[in-house]
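Position chain B against the provided structure of chain A, taking the given hints into account.
Chains A and B are the protein sequences, given in the same order.
Following full-length UniProt numbering, the numbering of the first sequence begins with 1 at its first residue and continues without gaps.
Following full-length UniProt numbering, the numbering of the second sequence begins with 1 at its first residue and continues without gaps.
One or more of the hints may lead you astray.
Claimed, not checked - If the Cβ cut is set under 7 Å, some of the chain A residues that face chain B in the computed set are:
1. 44
2. 131
3. 215
4. 260
Stated by the list, open to error - Quick partial rundown of chain B residues pointing at chain A, CB under 10 Å, derived from the structure:
5. 76
6. 114
7. 260
8. 268
What the hints assert, rightly or not - To list a few chain B residues with every Cβ distance to chain A over 10 Å, as calculated:
9. 29
10. 51
11. 119
12. 205
13. 338
If you're looking for bench data, these hints aren't it; they were derived computationally from the structure.
Note that the Cβ used here is the ideal one computed from N, Cα and C, for glycine as well.
Protein chains: 2
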Amino acid sequence: MAAPANTGILVSSESIARPFREEIIEALKSSSKKPRLVGILSTSAAPSRFYAEFTKKTCDDLQIDFVLKTVGAASPEGGQEGEGVEEAIIECNEDNNVDGIMVYYPIFGGTQDQYLQQVVSPYKDVEGLHFKFHYNLYHNIRFVDPKTLSNPTIASSSNTAAAVTEASEGTVKSILPCTPLAIVKCLEHMGVYNKILPYGNRAYGKTVTVINRSEVVGRPLAALLSNDGSRVFSADIDSIQEYNKRSSSTTGNSRGFHPHHVVHPCSLSLQECLAISDVVVSAVPSQNYKVKTEWLKDGCICINVSSDKNFEKDVREKASIYLPTIGKVTILMLLRNL
Amino acid sequence: MAAPANTGILVSSESIARPFREEIIEALKSSSKKPRLVGILSTSAAPSRFYAEFTKKTCDDLQIDFVLKTVGAASPEGGQEGEGVEEAIIECNEDNNVDGIMVYYPIFGGTQDQYLQQVVSPYKDVEGLHFKFHYNLYHNIRFVDPKTLSNPTIASSSNTAAAVTEASEGTVKSILPCTPLAIVKCLEHMGVYNKILPYGNRAYGKTVTVINRSEVVGRPLAALLSNDGSRVFSADIDSIQEYNKRSSSTTGNSRGFHPHHVVHPCSLSLQECLAISDVVVSAVPSQNYKVKTEWLKDGCICINVSSDKNFEKDVREKASIYLPTIGKVTILMLLRNL
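Isolated chain A, as found in the complex (with noise of 0.2 Å):
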C-alpha cells in the first residue's frame, strides 16, 4: 500500500557557484589590478585549514591574488590557537596593497570572535562580519555612503585617511554577511525565490525553518528572508521565533529605522514547524546533530550549511531537492565582495 519512496534532487553547489564564477572572471578582465585577498589562519583546527585550501585553489582559478598569513598554532613555528591574529588583522587594515581579509573562524569563539570581527576594518571585510553590516541588513538599509565607514581605530594617531581615500564616491551597495547572502543565491537557484513576484518580495508565501541563531548565519539568514516576504522560524537549543515581514503599515518609522521584520516566540514545536516548512536550512555545529526526515514537510528543500552532517541519509526520501553544502557559493560571495 505504501507508496514508493520518491528521491529528490541533489544539488551540487557547484552547479549554483558557475554563473557567479563566471560573472566574477568577467569583472576581473576590466580590473587593470589584480585583487589581493588575504586569509589568517591561527589555529590548528582542520576544517579552517581546509577552508584555507579552498580558498587558495578557488582564487588561482579565478586569479585572484591569495596570500595566506598563518600565525599562531598554524604558523610553521608553532604557537598558541589564536595567537597574534588581532597583530595580523591589523597589519593588513594598514597594508594599502591588500583588498581583502579574511579570518578563518572559530578561533576563540562567542564574543571573542565577534570582538575581532570588529577589528576588520569595514573596507576590506569581504565576508560581512563587520557590524555595520549586520545593522545595515537587520533595518533593510541597502546602501551606504562609504565616507561614512570609518577604520575601527580610534586612536589620536590618524590611520584612517589611507582607508577612506581608497573608497570610492558616492553610495555603494552594502555588503551582506556572506553565508547568509549564500545561502539566498542557493535559494533563488533552486526557486525558492519567485521571479515573478517584485523585488524585496520574492520569498513572500514560503515558510522556512532555519536552524541555528547566530550573529553570523542564523539571525541574519531569518531577517534577510523575512524581510523577503518570507514566515521564517528562527530555532535554536532554547528556543524557536517567528520572524515576518512588518505589515506596509508599520513599515519603517518617519526615519526609516524600524527593523523591516517583526519577531515573535513561537508556541510551535520544531517538529510542528518543520512539518510546515517548504525550506529548511540547517547549520548546526555539531556531528551528533541530525534533523528528523520523518518530521519534515514532504517535497520540502533542505539545506546543509553545517560543516557536519545535518541530515539524516534518508533525508531525500521526503526533500525533493537537498544541498549538502554551500561553501562554493559561499567563497564566491566573498570573492565578488572583494
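This is chain B only, laid out in the frame that chain A set:
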C-alpha cells in the same frame, strides 16, 4: 594547636564610592546643564529592574536627570522580552536631549547582546561597552580624538552630524568599560595598587585570579590588570589563561599597535592558581557557583562582582579583606562617564 580563626575585614562598596560621589557633585556644580541619562529596560528580569531602580535613586541623590524607558516585557502594556529595545536605543542616539544611555542586560544573551552594545552611539555609551572602547583598552590606547568616533549608523542619510558636533574638540580620555574600571578603583582603595610604583605599573608584583572571561567583565579586567603590571589568571569553565604585561623590549611595534599584555594558556588548575593569588575576583552569574574558601591563599583579598554570592560564607576566615558587592562603585563610574 590550631590558630584561632581570623576574620577578614568586610568592606562596603559605599566607603569606596563616597569620594567618587563627591567628585561628581563638585563637577555638576560647575556645569550649566543637568545631564540626562536614559535607562532602557526591556525584560522582566528582577535583577535588571532592581538595578534600574538603584540607578534612579543614585541619580536622584546626585541631581542627575534619569529617565527610565520601559519597552517590551518591561513596559506597562507588556510585550516580549527585549521587544523594541533596538528602536529605543536608536531613538536615544538621535535625541539631542539625551546625554547618556544605559541598557539593562542580559536581554538575549551572548552575541546578540554584543550586537546591541554596538548600536549604542559611542558618544552616549556611559557603560563603555562599545567595541571601540574595548579595542582601546586591549591596545592600551588611553586617549582618543572624539572626531574619529563615528555614529554606528552607516546609512546614506547623515545622522552623524549632530553627534559629531556635540563632541568637544581635542583629545579626551577613552572611556573604560564600567565594571572592570570599578573593580580597579576598588583594588586601588584596598591597597592592591601601590601608589609608590609609577603610574601604569602599580599592580606590579601582584597575582590575581579573575573567574569569568566574558567580553563585558572578565577579559577587559584581565587586560587592565596585566597592563598595570600584575600577573593575572583568567579562568572560565573550559580553561585557564595567564595574562602578563609585555616586557618593555617587546612593548609596541613601530605603530604601537601590539596589545600591551601577552596571553598564554596555563597548565595550573584553579586550585593551584588560587593558592598563589593575592586577589580573587569572581563574576560568575550562577547561584550554584562557589569559590572554595579552603583553596584561598591566607590573607588574600576577595571581590564578588556577581549578583549571586560566589564566595562561601566563611570566606573571611581566609581572606583579609572581602568586598561582597561593587554595585555602588560601578554606577558611579557610569555617572562619571556621563
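Which numbered hints does this structure break?
1, 4, 5, 7, 8, 11
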